[in-house]
Every structure is written in structure tokens, then in C-alpha cells.
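Engineer: Residue numbers (the numbering used here): -12 to 150.
Hints are computed from structural coordinates only; laboratory data are not their basis.
Listed next, the in silico SDA-like pairs over lysine to any residue satisfying Cα-Cα at most 25 Å (straight line):
| # | residue 1 | residue 2 |
| --- | --- | --- |
| 1 | Lys97 | Ser127 |
| 2 | Lys97 | Asp132 |
| 3 | Lys133 | Leu118 |
| 4 | Lys121 | Leu104 |
| 5 | Lys74 | Arg86 |
| 6 | Lys133 | Leu39 |
| 7 | Lys(-1) | Glu110 |
| 8 | Lys148 | Ala112 |
| 9 | Lys148 | Leu101 |
| 10 | Lys(-6) | Pro99 |
| 11 | Lys141 | Arg57 |
| 12 | Lys141 | Pro130 |
Have a look at the derived ranges for each label pair, beta carbon to beta carbon:
| # | residue 1 | residue 2 | range |
| --- | --- | --- | --- |
| 13 | Pro78 | Lys35 | 28 to 34 Å |
| 14 | Glu14 | Ser45 | 19 to 25 Å |
| 15 | Gln25 | Arg150 | 28 to 34 Å |
| 16 | Pro99 | Leu149 | 14 to 20 Å |
| 17 | Arg122 | Glu83 | 38 to 44 Å |
Source: prediction; values computed, not measured. Yeah, the Cβ is synthetic: ideal placement off N, Cα and C, and Gly gets one too.
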Amino acid sequence: MAKRARKFWLMKSEPNVYSIDDLAGDETTGWDSIRNYQARNFMRDEMKEGDLVLFYHSNASPPGVAGVARVSREAHADPTQFDRSSKYHDPKSTPEAPRWMMVDVAFVEKFPELVPLGALKAEEAALDGMLVIKRGQRLSVQPVDKEHFARVLKMGAAKMKLR
DNA sequence: GCCAACGTTGGC
DNA sequence: GCCAACGTTGGC
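Please put together the full structure from these sequences, using the hints given.
Structural biologist: See below:
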């Protein structure tokens, strides 16, 4: 039985909330608090262990890709939805039928330097169709083409290589 | 801080 | 089911 081909993703996080350095320290984290159905569906239905993730710093100056992570655990219920004290509490969700799912991601590497959004936009020809460079694109979990992923690794002088 | 773009809610 | 109002995202 052939293994499913690895998929590639981009996940946004505000670095003043949770940065690539936080992930490096934690080694792994639950990608909780996502309250967007499209993003949830990607996590619930499509992200598999071993998939690679561009870790993107949003609401930063400049915003950009800070490094690489890897899906380390597939979809499971986001615990913040059951936490009454959390701003992400969802009273309509139950443990039997959780509405919000998350994956866990593990630290892979931090780029020597951030790849700014502006640099991605400047590579528009090579990165044609990449969602993060589209204006008005707010989705915080996005699929990325393998070719685009490889190009961003190069731009970030990543240690890892795709094969 | 501004505001364009987008997603969600809720009245009808 | 439509769509106006509202809330959020996120670049600048």
C-alpha cells in the first residue's frame, strides 16, 4: 500500500501571541483557538502526520514566514471550546460532538532570517497562486503547493530540503 | 490607528 | 434564502 503523499501548508500565528521561538521552546503545541470553518476543515479532514507547515508571523512588522513546523498529531478536539473561562469557549459544542478541531504541530526549524511577505510578493512569478500573497486573504490555515513550499525554503535558507 | 476585505449573524 | 449589520483579520 502506497503511503499518502505528503501535503504542505501555511499556518498563521501572531508572534506576540505565539511565535516560532515559542514553538522551538515547546517543541510541540496544539494549534488551538481556530474558529473558522474552512481552516478547521483543513485541519480535520486533510492534515496528516508528517505534513510540513510554513510558520507564518501575521500582524507583525514585517509579517512573513519564520520557519518550518510539522504536523505531529492529527485532528482532535480543541479543548478551549469546553473551557468556560476561555474567550474561545463554545457553549454549543459538546465533548460527544465537538465543533472545533485542531492538530498538533512540532518545531522543525527557524529560518536564519524571516522571509517577509514583501519578498514573497516580489517572487510573484514563481509563487503564482500562493494564497498568502493574495490581497484580502485571511485564512489562517492554507494549503501550499509543493513547488511554492520548496521555493520559500530556499528563500529562507532552510537547512531542510524536500525530496 | 486606519480601513479594506471577508466571515458570521440574525431579521425578515 | 437574502442581505444589511456587525465583528474580525491583518497589511499598511
